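Novice: Sequence:
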Amino acid sequence: MLKGLIFDLDGVLTNSARFHLGAWNDLAKELGINLTPDQLDSLRGISRMDSLNLILKYGNQEDKYSEEQKEEFAAKKNEKFVEQVGKMTPDDILPGITKLLADAKSQNLKMAIASASKNAPKILTRLNIMDEFDGIVDPATLHRGKPDPEIYEKAQELLGLESNEVISFEDAQAGVEAIKAAGQFAVGIGSKQLLAQADYIVPDTSKLNLKEIETAFNKYEESRES
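Under the numbering used here, think of the first position of the sequence shown as 16, with each following residue one higher.
These aren't lab readings, by the way, just hints derived from the structure by calculation.
Please read these numbers as outputs of a predicted model, since none were measured by experiment.
Treat the hints with care, as some may be off.
[What the hints assert, rightly or not] Subject to a maximum C-alpha distance of 27 angstroms in a straight line, what follows is the list of computed DSSO-like cross-link-like pairs (lysine-lysine):
hint	residue 1	residue 2
1	234	18
2	85	72
3	137	91
[Said to hold, decoys possible] Quick list of simulated restraints, FRET-style, between CB atoms:
hint	residue 1	residue 2	range
4	76	157	21 to 31 angstroms
5	241	85	45 to 55 angstroms
6	208	155	25 to 35 angstroms
7	37	218	38 to 48 angstroms
8	85	49	15 to 25 angstroms
9	76	149	23 to 33 angstroms
10	18	79	41 to 51 angstroms
11	233	45	44 to 54 angstroms
12	239	37	35 to 45 angstroms
Quick reminder that beta carbons are idealized off the backbone N, C-alpha and C, glycines included.
Work out the full structure, taking the sequences as your base and the hints as a guide.
Specialist: Structure follows, in structure tokens:
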């Protein structure tokens, strides 16, 4: 029986992913690294330091900088991102999300955030939806980033639920892999090809319909039990 929903943040509830990717792209250029669109896209859903290390790997600069220098780079990127977040308003909530959250509330479903972003509380406050959620996983408590299931397992624990009682939403391949590794039902938002592991896929958030997702979830759980 469905009792809770778990959401990634960037690219799922709001379009702040574009601020992240833009800030990373700017930093990469400063380091003399020209990222391809696919390389830039691969940074979706993963933690700050994992993103930086991946950029350095793409530029064959993995061993060029000390950990202290890497921390400085990550902080510089975050400053640019936070500057953009300060301009966000409820208008930046993605299409279909306001209705989805309202439908979930009307069913008394618990809701949590499973985002690698340390700025999640700030963003949710700017969007005026902070009070909709029962819990937010603190990325500082994590030992491993997506695609490891830890963040989705922690979100589930925050809600006091089992893996067969939640539906989780992601727009990144690493995030969908994390959801499935946690044994949860995955809703993918985006490319069918990239998010092939998801149990239910929509091209964008405007196509999210809680009733239809629940029907797919119930069929999925019935098939698992039989």
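Novice: Which numbered hints are broken by the structure, listed smallest first?
Specialist: Violated hints: 7, 9; rest satisfied.
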